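2 protein chains.
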Amino acid sequence: MTSESEHPALRRLRAAMHDAGHAALVALSQDNVTYAAGFLVPSHLTNRFRRTIVVLAGDSFACQIVVNVEEIQARARSRFTDIRPYNQFTEDPANLLADALIEAGVDTGRIAIELDFMPAVDYIQLRKRLPSAEFVGCADLFFRTRMIKSDEEIATLRRVGTLSERVIGEVLGEVKIGMTEIDVARQLVDRLIAGGSSNFKYRVGSGANSSITNCGTTAKKIEAGDLIRIEVLGDVDNYRSNVTRTAVAGTATERQQRIWAALMGARDTCKMMLKPGTAVADVYRTYVRICREHDIEPTLKFLGHGIGQTIHEEPYLTDTRDIVFAPNITFTMEPLYMIPGEMGFHVEDMYVITADGFDAITGNLCSNDELIPVG
Amino acid sequence: MTSESEHPALRRLRAAMHDAGHAALVALSQDNVTYAAGFLVPSHLTNRFRRTIVVLAGDSFACQIVVNVEEIQARARSRFTDIRPYNQFTEDPANLLADALIEAGVDTGRIAIELDFMPAVDYIQLRKRLPSAEFVGCADLFFRTRMIKSDEEIATLRRVGTLSERVIGEVLGEVKIGMTEIDVARQLVDRLIAGGSSNFKYRVGSGANSSITNCGTTAKKIEAGDLIRIEVLGDVDNYRSNVTRTAVAGTATERQQRIWAALMGARDTCKMMLKPGTAVADVYRTYVRICREHDIEPTLKFLGHGIGQTIHEEPYLTDTRDIVFAPNITFTMEPLYMIPGEMGFHVEDMYVITADGFDAITGNLCSNDELIPVG
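For the record, the sequence lines run as chains A and B. Under my numbering, residues 1244 to 1618 are what the first sequence spells out, in order. Under my numbering, residues 1244 to 1618 are what the second sequence spells out, in order.
Treat the hints loosely; a few may be bogus.
Where chains are identical, the list cannot tell them apart; a pair therefore holds if satisfied intra-copy or between any two copies.
Said to hold, decoys possible - Simulated pairs of lysine-lysine, DSSO-like, Cα-Cα distance not exceeding 30 Å:
(1) K1463 x K1518
(2) K1463 x K1444
(3) K1464 x K1371
(4) K1544 x K1419
(5) K1514 x K1544
(6) K1371 x K1444
(7) K1514 x K1419
(8) K1544 x K1518
(9) K1464 x K1419
(10) K1518 x K1371
(11) K1464 x K1444
(12) K1419 x K1444
(13) K1371 x K1419
(14) K1463 x K1419
(15) K1514 x K1444
If you're looking for bench data, these hints aren't it; they were derived computationally from the structure. Note that the structure is predicted; figures quoted are calculated from it, not measured.
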């Protein structure tokens, strides 16, 4: 395989590798391997002992190392044609990686590798095998490459975002007082699977449970006056959604309405800033400032996060990031305010930066401008 | 907290740490952290950038490091009372870990830490902060401690195993020719959620799709003559099941019956070996020998695997392991034979070794001694 015939994602990664002066680029994490290979090795989801590794080097070297159990699927579905299987019980994948780097002729060069994911034991073994190589991290390289989506990636994000929002809206239409959180989850999951999602997560929290950011879904019954928070972390073709709605069983209290209006006002002001050239840190600071003007201290130290093949990626919308918006960056904004033990307010939608502004990937099917009345 | 008042799981880990002469024991992986803390930090499932770390040292030091987003849940649900939150954007959890080890007075000692999971970047930082410490892996320590289950753990494994087998049996009773794999998955998942599972995986494969070991679930319709393979990787209270059944739409062919009978015969011979004192390698060798006598070359290089807080743990039933069965070891046996592109044969049940034999955790509700006729 020459670089000319490579998939655009691989060409982008190889170009970033060359630009940074690296001799090779190596990924081991589920998200970066899937981004490169174009398919999710199932073992990556369930078994941390089965390493999957992709290697790019020089102008044309490319290979993928997989556990032998996944060899057939990798040969059928991966963008890599050079598939190197190993026996998980008798072979060390770090040795296959070292062999590949030696074969590619980069064993004395600078190798960019996922130090933020690679297990230390693999790092130690690789250094032993390649004592003259220099190893540097590549978290930033991957994130900056993945942050700017292709039109095809954005189309997939629209599919999964739209599915997720539609499903939440349909389920909220069915919620009745007396149903349990698990009852709600069954409706939610059934529709997600019917819509083609399989590797999703979800959260349904009511009453005090809604105030736990990453709550479990329990047998608690929904009672009049409860806030009900539904969050979907969906997937379609390895791209993720993150959509959240907050509903109220019955009628919102004056206090609930006031808090919600403050959060919506902060969000809507931030929306007006979504365009190329805006610093994500400024959006976050604006959000925090407006919330505080309404005596609300945001629970999270970020307003949102990039979204793509992982639920959370760059750009995080915080004042700790120096990223400036550019076209085709996809992300969420998720105003979130928890009153622990009492109730939680949370809305989350997906956005994409366009040439001169933004487009709301979600927010068009199930409005949460008001707390959604159910029951 | 003194060690006398610690939870039995922590006491077992601390004893194993002392027996091995380690000054401290540190876990970072989802399964080992959950085993120690008694609760699953939700971020461990969705966000690899949010480290969760538990530290045991000396006779009484114990703390858990969590991302601030999870602080409230950790304080409410963890077995650790010393909870140390960090900001994921401004603090490095490896520094909190170094601080804890210094505070515990073990910074010049031998620290057992999950080198097979810990990201290299954390290892590099920790070595920088604690240049006089010695770091060694602890995969074996954790697996040998976790391998022998308590009665409470076995009871939880029975609950999740029974749920999984019951659900598969009920769903197979509903399968009709013309349904899609996704239709079957919807029935499966609805019942799993209703039964209290939430963090499950599943596989439904029919026809040629059944021959892919870790197949995806597709919109393919079930046709007469298809083999249908349903695998559930369930969870209840952080313990996992792994149960698989193979059905046939209509009537099994003579060839299918012959292959199945050979696999069942091999499995049943292995069952007779399940008791304290049997080497797992001998069970695997017996399985392979009998399969080969019937001209079947097993697709997997293991017959089964330990099961507990992870789907796959020790003991793997292979000839690469020197483990000998002892009471309260829980594991699966999963005869599996794939004819790529055509069909897959696979049955998986959960077992526990008792004082003088074994008990079948599953296999009592939905027999697969024959290919299950459906449709």
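Here is what the structure says about each hint:
no., hint, in the structure
1, K1463 x K1518, "neither (42 Å within a copy, 42 Å between copies)"
2, K1463 x K1444, "both (19 Å within a copy, 24 Å between copies)"
3, K1464 x K1371, "neither (57 Å within a copy, 51 Å between copies)"
4, K1544 x K1419, "neither (34 Å within a copy, 51 Å between copies)"
5, K1514 x K1544, "within (18 Å within a copy, 55 Å between copies)"
6, K1371 x K1444, "neither (40 Å within a copy, 37 Å between copies)"
7, K1514 x K1419, "neither (33 Å within a copy, 50 Å between copies)"
8, K1544 x K1518, "within (22 Å within a copy, 54 Å between copies)"
9, K1464 x K1419, "within (10 Å within a copy, 34 Å between copies)"
10, K1518 x K1371, "neither (48 Å within a copy, 42 Å between copies)"
11, K1464 x K1444, "both (21 Å within a copy, 26 Å between copies)"
12, K1419 x K1444, "both (23 Å within a copy, 29 Å between copies)"
13, K1371 x K1419, "neither (62 Å within a copy, 57 Å between copies)"
14, K1463 x K1419, "within (13 Å within a copy, 35 Å between copies)"
15, K1514 x K1444, "within (27 Å within a copy, 37 Å between copies)"
Hints 1, 3, 4, 6, 7, 10, 13, counting from the list given before, are not met by this structure.
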